[in-house]
Amino acid sequence: MPEPVSVLLPDALVRLFPGASRHVEVEAGTVAEAIAALDRLWPGMADRLCDSTPAIRRHLNIFVDGEQARLHSAIPSGGEMLVMTAMSGG
Amino acid sequence: MANRVMLLVGTKKGAFILRSDEARRDWSIRGPFCETWPINHMVADPRAGTIWAAGGNEWFGPAVWRSEDLGESWTHSSAGLAYEAGATPIKSAWSLALGPGDRLWAGVEPAGLFRSDDRGETWSHVIGLTEHPTRADWQPGGGGLILHGIVTHPADADRVWVAVSTGGVFATEDGGATWAPRNRGTRMDYAPEDQRYPEHGQCVHALAMAPGMPDRLYQQNHCGMYRSDDGGRQWVSIEAGLPSTFGFPAVAHPRDADTLFLLPLNGDQAGRFMPDAAAAVWRTRDAGANWQALRDGLPQQNAYFGVLRRAMAADRLDPAGVYFGTSGGALFASADEGEAWTCIAEHLPTILSVETLVLDA
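Order-wise, the sequence lines are chains A and B.
The opening residue of the first sequence carries number 0 in numbering that gives the first Met the number 0; numbering runs sequentially from there.
The opening residue of the second sequence carries number 0 in numbering that gives the first Met the number 0; numbering runs sequentially from there.
Hint data in this document are derived by calculation from the structure and do not stem from the laboratory.
Each residue gets a CB set at the ideal place from its N, CA and C atoms; glycine is no exception.
Don't take every hint at face value.
Unchecked claim - Calculated Cβ distances over 12 Å to all of chain A for the following chain B residues:
{"hint": "1", "residue": "R46"}
{"hint": "2", "residue": "E57"}
{"hint": "3", "residue": "T87"}
{"hint": "4", "residue": "P88"}
{"hint": "5", "residue": "H152"}
{"hint": "6", "residue": "A156"}
{"hint": "7", "residue": "G184"}
{"hint": "8", "residue": "G240"}
{"hint": "9", "residue": "L264"}
{"hint": "10", "residue": "H346"}
What the hints assert, rightly or not - Across the chosen pairs, the derived CB separations fall in these ranges:
{"hint": "11", "chain 1": "A", "residue 1": "A85", "chain 2": "B", "residue 2": "A239", "range": "48 to 56 Å"}
{"hint": "12", "chain 1": "A", "residue 1": "F62", "chain 2": "B", "residue 2": "G296", "range": "19 to 27 Å"}
{"hint": "13", "chain 1": "B", "residue 1": "S72", "chain 2": "A", "residue 2": "A35", "range": "56 to 64 Å"}
{"hint": "14", "chain 1": "B", "residue 1": "E120", "chain 2": "A", "residue 2": "G65", "range": "32 to 40 Å"}
{"hint": "15", "chain 1": "B", "residue 1": "E120", "chain 2": "A", "residue 2": "A85", "range": "53 to 61 Å"}
{"hint": "16", "chain 1": "B", "residue 1": "T133", "chain 2": "A", "residue 2": "A73", "range": "55 to 63 Å"}
{"hint": "17", "chain 1": "B", "residue 1": "Q138", "chain 2": "A", "residue 2": "R39", "range": "16 to 24 Å"}
{"hint": "18", "chain 1": "A", "residue 1": "A19", "chain 2": "B", "residue 2": "D188", "range": "47 to 55 Å"}
{"hint": "19", "chain 1": "A", "residue 1": "A35", "chain 2": "B", "residue 2": "E192", "range": "54 to 62 Å"}
{"hint": "20", "chain 1": "A", "residue 1": "G65", "chain 2": "B", "residue 2": "D188", "range": "52 to 60 Å"}
{"hint": "21", "chain 1": "A", "residue 1": "H58", "chain 2": "B", "residue 2": "G127", "range": "41 to 49 Å"}
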C-alpha cells in the first residue's frame with residue numbers, strides 16, 4: 000500500500016480557494032495525478048497550476064523530493080511535492 | 000430616491016470600487032480586490048448587482064472574477080477559458096461584455112473570444128473567430144495580441160462586434176459562428192501608401208455604440224477617429240478638429256447618439272501623453288463634425304500621463320457623469336458631462352479600465 004504524497008502549496012495560491020490549506024496529503028504516483036487530486040479537493044486549482052499546453056505554468060516551479068519536476072514526473076510512495084511561485088512581476 | 004453610483008476600476012494591482020451618491024461629489028474607495036491580480040476590465044449587471052473582473056496573473060494564469068455582493072467577496076473561474084492543447088495558452092482575460100439574455104462574453108490574449116451562458120461559471124471558445132481566415136495575419140500591438148473590445152447589440156443577442164489589436168474590427172450576426180471584417184474606410188498609416196486601407200489588420204483602439212442607434216459605431220483607432228452608421232461596414236473620418244489622430248478610449252453618451260467623449264494623446268511617436276502636457280477630454284455634440292476641449296479642473300501643466308483604452312466611462316445619470324483613470328494612478332470625475340472635473344483618487348496603481356454601475360438605493 001503506497002504512502003500518501005505530502006503536498007505543500009504557496010500561500011498566494013491557497014488564498015484563491017477559500018477553505019484550502021497549504022499542507023495536504025493526496026494519493027498520487029505522478030505530479031499530474033497529484034494536481035488532479037488537488038483539483039478534486041478544490042475545483043479550479045488545476046487551472047491555476049497548469050496551462051492548456053498542458054504544462055506547469057511558466058512562473059511556477061514544482062519540486063519532488065527536492066528535484067525540479069514536470070507533469071509526468073513520478074512521485075515515490077510517501078514523497079513530498081513542493082509548489083513554489085517563481086520570481087516574477089513588477 | 001437617491002442612486003448609488005459606483006466606479007469599477009481595474010488596475011495593474013487589483014480591482015478597486017469607488018462609491019458615491021447621485022451628486023457624485025464625495026467618493027469612498029475600497030480595494031484592492033481580486034488578490035491584487037492585474038485586472039484589465041470590469042463590468043456589472045445593474046439588475047442583479049453582479050460584478051465581473053477580467054484579468055490574469057503571471058503565476059496562476061487567466062480568470063474572470065465575480066462578486067455577488069458589490070465587491071465584499073469574490074470567486075474566480077477559468078473553467079473552459081482555454082485554447083486546445085498545443086496552442087499558445089491564454090495569458091490573460093482582457094475584456095468583458097454582458098449582452099441580451101445574460102450572455103457574457105470575454106476577450107483574451109492571445110486574441111480570441113469566449114462565451115458564458117451561466118454568468119461566468121463556465122466558458123466556451125468561440126471557435127468561429129479563432130478560425131477566421133485572417134487570424135494568421137493578426138499581429139501583436141504594443142499591448143500584445145489582444146481582443147480588447149466587445150460591443151453587443153442591445154436587442155439581438157446574436158450580433159456582436161469585437162476589436163482586435165491588431166487585426167481590426169470583426170462582426171458576427173449569428174452568435175459567433177461566422178465573422179466578417181468591418182474596417183472599410185479606416186486607415187493604416189504604418190503600411191506603404193498604396194496599402195493603407197486594407198480589409199483587415201488595422202489597429203483599432205476602442206469601439207463604442209451610440210445609444211438607441213445600434214448601427215452607429217464610433218472608433219478610436221491608432222490612426223484616426225471614425226464613425227460608422229451601418230454597423231461598421233463603412234467608416235468615415237471624424238478626426239478634423241482634434242489635436243491628434245492618436246488616442247485610446249472612446250465613450251458614448253448614455254442617451255444622445257451624437258455625443259461622444261475622447262481623450263486624444265499627443266501622438267504615437269511623440270510620447271503618448273496629453274497634448275502640450277495639458278489634459279483635456281474632447282467632446283462632440285454633433286457626431287464628430289465639431290469638437291470641444293473640456294479642461295476645467297484638469298491639470299494644464301506637466302501632464303505627462305496617458306489614458307489607456309478602457310480607462311474612460313460614462314454613467315447613465317442626467318447629466319451624465321464622465322470618468323477617466325490615468326497611467327499614473329489618478330482618477331478624474333465630472334458630474335456634468337465633462338464641463339468641470341475633479342480628481343477623486345490619486346496614487347492608485349496604473350489604471351487599466353474604468354466602468355460605472357448605477358443602482359437605485
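Evaluated hints:
At the 12 Å boundary, the C-beta of R46/B stays outside the reach of chain A, the nearest C-beta of that chain being 27 Å off. A Cβ of chain A approaches the Cβ of E57/B within 12 Å, the least distance being about 4 Å, so the stated non-interface status is violated. Not every C-beta of chain A lies more than 12 Å from that of T87/B, the closest at about 9 Å, which undercuts listing it as non-interface. Look at P88/B: its CB is around 4 Å from the nearest CB on chain A, not clear of 12 Å, so calling it non-interface is violated.
Once the 12 Å rule is applied to beta carbons, H152/B is consistent with being away from chain A; the minimum gap is 31 Å. Chain A leaves A156/B outside its interface by the beta-carbon criterion, the shortest separation being 28 Å against a cut-off of 12 Å. Separation of G184/B from chain A is adequate, the least Cβ-Cβ distance of about 37 Å exceeding the 12 Å criterion. With a least beta-carbon separation of about 39 Å from chain A, G240/B lies farther than 12 Å from that chain, consistent with its non-interface assignment.
Listed as outside the interface, L264/B is consistent with that label: its C-beta sits roughly 23 Å from the nearest C-beta of chain A, beyond the 12 Å cut-off. No Cβ of chain A comes within 12 Å of the Cβ of H346/B; the nearest lies about 17 Å off, and the non-interface call holds. Our hint of 48 to 56 Å for A85/A and A239/B holds, since their Cβ atoms are close to 51 Å apart. Between F62/A and G296/B, the C-beta spacing of about 55 Å breaks the proposed range 19 to 27 Å.
For the pair S72/B and A35/A, the beta carbons lie near 27 Å from each other, so the given range of 56 to 64 Å is not met. Hint check: E120/B to G65/A, Cβ distance near 39 Å, so the stated range 32 to 40 Å holds. A hinted range of 53 to 61 Å for the beta carbons of E120/B and A85/A is inconsistent with their spacing of about 30 Å. Separation of T133/B from A73/A is about 45 Å and departs from the stated range, judged on CB atoms against 55 to 63 Å.
For Q138/B paired with R39/A, a C-beta distance near 41 Å fails the hint of 16 to 24 Å. The beta-carbon spacing between A19/A and D188/B, approximately 51 Å, falls within the hinted interval of 47 to 55 Å. Range check, A35/A to E192/B: about 57 Å between beta-carbon atoms, so the 54 to 62 Å window is met. For the hinted restraint 52 to 60 Å between G65/A and D188/B, the CB-CB distance of approximately 56 Å keeps it satisfied.
Between H58/A and G127/B, the C-beta spacing of about 32 Å breaks the proposed range 41 to 49 Å.
Hints 2, 3, 4, 12, 13, 15, 16, 17 and 21, counting from the list given before, are not met by this structure.
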